[in-house]
Structure formats: structure tokens, C-alpha cells
Amino acid sequence: MFSYVYGVLSRFFSAPADLIVTLIVMLLVPLTLVAIIPVIIGWVDRKYGARIQSRWGPTYVGPFGILQNVADVIKLIGKRVITTNVDRLSYSFVPIALTAASFLIVVLIPWGAPGLYILDIPYNLLFIYVLMAVSPLLILLAGWSENNKYSIIGGFRGATQIATYELTLIITILSVAMLSGSYNISDIVASQKHLWYVVYLPITFLMFVVAGYAVIERDPFDIPEATQELLAGWKIEYSGLRYGMFLLSDYIKMFALSMLTVYLFFGGWNGPLLPAFAWFWIKTIIAMMILLTPRWVYPRLRIDQLVKFGWNWMLPLSILNLLVVGAVLLV
Amino acid sequence: MNLESEEKNAADEFSYPGLGDVIFMKAEKFIETVLNWGRGWSLWPVTFGTSCCAIEMMTFGATKVDADRMGVLFVGDSPRQSDLILVSGTITKKMARRLINVYEQMPSPKYVVAVGACNISGGLYHDSYNTIAGIDRIMQVDVHIPGCPPRPEQFQDAVKVLRELIQKNKIERYDKRTS
Amino acid sequence: MTSELVEKLKSGLKGNITVISDDGVNDVVVLSDKKLIKSAAELIKGTHDILFMLTIVDRNPNFELNYLFSNYRNKNIIILRVNITQDDYKIDTVSKVFPSADWEEREAYDLFGIEFKGHPDLRRILLPEDWPGHPLRKDFEVTDDVRNWTGLDLKF
Chain R
1 MFSYVYGVLS RFFSAPADLI VTLIVMLLVP LTLVAIIPVI IGWVDRKYGA RIQSRWGPTY
61 VGPFGILQNV ADVIKLIGKR VITTNVDRLS YSFVPIALTA ASFLIVVLIP WGAPGLYILD
121 IPYNLLFIYV LMAVSPLLIL LAGWSENNKY SIIGGFRGAT QIATYELTLI ITILSVAMLS
181 GSYNISDIVA SQKHLWYVVY LPITFLMFVV AGYAVIERDP FDIPEATQEL LAGWKIEYSG
241 LRYGMFLLSD YIKMFALSML TVYLFFGGWN GPLLPAFAWF WIKTIIAMMI LLTPRWVYPR
301 LRIDQLVKFG WNWMLPLSIL NLLVVGAVLL V
Chain S
332 MNLESEEKNA ADEFSYPGLG DVIFMKAEKF IETVLNWGRG WSLWPVTFGT SCCAIEMMTF
392 GATKVDADRM GVLFVGDSPR QSDLILVSGT ITKKMARRLI NVYEQMPSPK YVVAVGACNI
452 SGGLYHDSYN TIAGIDRIMQ VDVHIPGCPP RPEQFQDAVK VLRELIQKNK IERYDKRTS
Chain H
511 MTSELVEKLK SGLKGNITVI SDDGVNDVVV LSDKKLIKSA AELIKGTHDI LFMLTIVDRN
571 PNFELNYLFS NYRNKNIIIL RVNITQDDYK IDTVSKVFPS ADWEEREAYD LFGIEFKGHP
631 DLRRILLPED WPGHPLRKDF EVTDDVRNWT GLDLKF
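Chains as they are written, first to last, in our numbering: chain R, 1 to 331; chain S, 332 to 510; chain H, 511 to 666.
One should not assume that every hint holds.
Listed next, the in silico DMTMM-like pairs over lysine to aspartate or glutamate satisfying Cα-Cα at most 20 Å (straight line) [claimed, not checked]:
| hint | chain 1 | residue 1 | chain 2 | residue 2 |
| --- | --- | --- | --- | --- |
| 1 | S | Lys425 | H | Glu639 |
| 2 | H | Lys548 | H | Glu574 |
| 3 | H | Lys648 | S | Asp458 |
| 4 | S | Lys425 | H | Asp640 |
Over the 12 Å line for every Cβ pair with chain S, so calculated as not near, a few chain H residues [to be verified]:
| hint | residue |
| --- | --- |
| 5 | Val529 |
| 6 | Lys555 |
| 7 | Asp559 |
| 8 | Leu578 |
| 9 | Ile594 |
| 10 | Trp613 |
| 11 | Tyr619 |
| 12 | Lys627 |
Incomplete in silico selection of chain H near chain S, CB under 10 Å [unchecked claim]:
| hint | residue |
| --- | --- |
| 13 | Leu636 |
| 14 | Pro638 |
| 15 | Glu639 |
| 16 | Trp641 |
| 17 | Gly643 |
| 18 | Phe650 |
| 19 | Val656 |
| 20 | Arg657 |
| 21 | Trp659 |
| 22 | Gly661 |
| 23 | Leu662 |
Treat the hints as calculated values from the structure; they're not laboratory data.
Keep in mind the model is a prediction, meaning the values are calculated, not measured.
Even for Gly, the Cβ is constructed at its ideal location relative to N, Cα and C.
Make a model of the complete structure from these sequences and hints.
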């Protein structure tokens, strides 16, 4: 990707300038792309949820209310931030770090065609683990820094929930990586050329979706920010742009989860007739619409139910699954 | 002589704004317009329901009169993330402090909608020893909704009026109690 | 048919009891000495379980307190009536004997200004802490001062 952009831009700029311009373009284009996508997904989510509840959702702002979330973001930018007795450093650090971590996930994933990377590293799936493993610490830090009883309860809940389900998520991804023999998403997609992994590993797929849901804290697993119990959980003291960053990072994680689902289990960009890019985006949009549904359909679980289910069922099942995959590969 | 020098001084003090000032003023106006557009279309309310008006407020968010169409999203989060407080229901003297407490926790810009007769003049309880007869005695109200209780459509109209006020930049705070 | 409880009260309180009704179902007795309220309550505690209501009548300037007791077994109630005079609006608490009297007495204190001696937590229950006056008294008038009172330090 970098070399392609460099090749195009070096025709217009001379020796030192072309590198700098390429770098700026390479920084700005993904950033705008990554910032616009959650706004669009947020609109789709609101509209879709409204139709499920037989409402209309945003209607007046722009055609079909498509600019609704743009208005929300503009308002959040112009909003004042007030705090009382917070730990300034960690309070300001958490939104930036959490948003950066979730944006980096999208930067590391290929964008729908072989070689269409923003940043290409050989072990990108492994690096995505690491970025996901950062979030419980940050949530705990946010909950503690806000100096509020709801936020500290929410922080502990979030850390518990994510630590429980991250293990399952990592082990399920590991069984996919074992089957394909690589941690690179391109190789995993290439090895699904004839048959999708969802046929080989249906239980792994289900576990991946449930664990992924718990890790990105989406309803019905939004226990850390359970509105009726904790108001906004660990986000309670955040206002203005920082709260907007949390909203953006939520939707970015949602997007990353549906992309990963398509890459790991539904054959990525493989498909007949249509070009690779089109196949990938069709699959991702279908996956995302299915993954957006449970929020509006299912009620929230309790924290003890979720954690018990995680440790008693999900983790042993995922380990068993890993062993079975290993045994099949050996035989 | 004296008069002449004074005129001269006055002429010296007055000067047309330079190009930099004009650009700055225009940019400021433009940013304000954009921000006000966003504020008008994205009013997330704190639902301060104390009595019967709260039931109508719930209907305002529900299916038939859909608040989400105008960007009024009932997020149900803390006052820190809200812009609008819908004071719906009788405010007793004991509740007044709690109301002010919630109001002070909202970051500015923030707007107040007084719902129902009790919050306009006291309504049924205008002569009572224990109610605030109209919440504009204790805080600045931007929009009043009459009715006892008002219909959900009136909430919709109030939000429309408030949005027009915000986008025309007509909301001024004389209330010192701003955060 | 006479009530056993009324007989017990008569013998226990030594003539400080005037009986208005003693049919065994709706007993009404008047206690003439307000200092004996606690021992009367202790006697009633044996047969009746709860104080379900405490009503106050303002017979200006005196107050008439009606303690309404009932039990969980049958429909029998007993009303114990005490008069307190204007020299001091004070009476012993029964909240040690009947725990439900706690909030009833707080309400009586809040709205009528009757002080209950020995009450564990005698604060206002409905009105703000620093509210002036006791609004359900007959001599209380809703003046403009009362109407405009907000209890807030208004800055505008």
C-alpha cells in the first residue's frame, strides 16, 4: 500500500518532498476513513434498532437522517468537560489510549482485497490479540481515576468480564490459526479457498462470536455500563469529546469484530464471479447486520451469570476444541 | 483648539478592522454556526420525572411520537453526557435542591425545558406551602410546555422551538449557575 | 362483651384510663396522664403487634394524639387517645416498644411540631431540614414568605 501510494505521488513531487507527502497521505487517509466508518455504523445501528422497535429513528438531519451522528459528534466537540476530584493524568490518558488501540486493530486488518493493507506486518492476528488485551487495564484505570462509586464498580466489572472472555477468544482464534498454520490473515483467507472454516469449526465460530461480543462490551453483554444499574458505568464522568471517543471506539470494535468473523470463518474475499473486494464487503455487511441485532432483541445478563458461564463452559469447551483440532491435525 | 484636538483623538482611536481581524471574526462566526447546528440537532435529555408529566415524557420517547427522529436520544446516561433537562412533574421544596444538584452536574451548553403547569406557575399547587410555584424561581428556563399533563406532541413542538432558538443563537444565560 | 385488654390496661395503669368503647373489636380508651404512654404501650404490646397509624388532631391550642394498634391474628384494633396541653408539646416516644412508631413520630414532629422525648432519630421526614414552621397546625398561615421560600442560595 505504501509503495503504491509512493509510486503515484512521486510523479508529482521531487525527491525529499514525495516521501513526506506520502507519509502525510498515509496518515490522514486511514484516519479520516476510520473516523467516518463508526459514524456511518452508528447511524445504521440507530436506524436498524428503531425499525426493530417499530419507530423510524433519525429522520430530519440530512436524507434519512444520515447526518444525525455527524451532528452528535459536532455537539460533543463543542461540549464543555467538567470533572470533580479526578486523577487528571489517567483520566485524560484512557480515552486516547483506548481509541488508539481500537483504531489500530482496523489499521492492521486488510481492507477487503489481497494486499490492501494500511499497515502490513506478518503476524497481524497476534498483534490484534495484544491490542484487545490492553482494554481491561484501561477500563480499570478509567474506573479508578474518576473517583466515583459507579465508575469503580463498572471498571471492576469490565475488567472481570473482558479478562474472562479474552482467554476464550484467544484460544478460539488459536484453533483457527492452527488449522491454517499461520497467524497472517492473508494466509488464513488463502487456506479457505475451497471450504470455509465455519464448516470445519462451527462450535468455534459460535464461541468466537459470543466471546467477541463480551470483549467489545456490546449489549446484551454491556454489563460494565449497565444503564439501569450504573448509569454509564466506567464512562460516568466523561463528557464532551472524550465520551465521543468512547462511542467511536465502540463502533470501530464492532466493525473489527465483523471483519474478523468474515476473515476467520467465512472465507474472506474468496468467492466466484464477483471481484474479491465486492465479495468481502458483501459478507462484512451481512455479518455486521447480524451482529448488530442482539442488542435490540435480548435482555442484559447479570455479571455473575456471565462470569460463571465464561469460566465453567466457554473456557473448558474452547480448550477441548483446541485439543480436538490438534488431534485431527496430527492424525 | 481643545475641541479640535479631541476630535483628532477620536479619529485616531477609531480604525477599521484589518484583514486578519475580519478573517478571525468570520471564522468564529462560522464555527459558532456549525456548533449550534450540531447542538440543535442532538439534544440528549436528562429525564427528571417526578410525577404525572413523566408518563407523557416516556411516551415522547416511545414508538408513536418518536423522539429519536429529531435527535433526542434517551441514552439514560449520566448528566455529564446530557444537554437538556426535561423537568417534568411537581418540584417540591425538598426536591428543588436535588434538581439544582443534577442541573449543576451538566456541562454547558445546557438547556432547560419546564414541563406542565406545575413547573410554569405551580398549577394545582400554586398556593401550597411545599411546592416551588414555577421553576423559573430557581433556575433559568428556555422552553415551557403548558398542559396538565401536556400531550407527547407538545414535547415534540418544544424540542423544535428549542432547536430554532439554539440555531439562531438566541439562548443567553443570565443564570450564574453554569458549569 | 368486654375486652380483656381494656381490663388489663385499667388494672395496670391504676385509674388513669377512661373507657369510651370496649366491645373487644374496636376499643377506644383515653389516657389521662401522658407520662404513662410508654407503660401503656408495653401493656398493649402483649396482645397487639403493630402501631399502624398515629393521627393527630389539632384542638387548638391542645393536641389530641391517637395511637392505633392492631394485630396479625384478627380484626381487633385499639385506639389509645392522649391529650397534650399547650404548656409543653412533648411526649415520650413509643418507638422502643413499637418500631413502626419511628417514622410516624417523625412525621408528627415534622408537620405538627410535637417533640418525642427519647426518639432515636428525630429529624424532619417530608419537609426540608431548615424549613420554618409546622404547616399542619391550625395557627399556621401560608404567607408570601412561606410561598417564596426555596431554601436555596440563589445567585441571579
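Which numbered hints does this structure break? none
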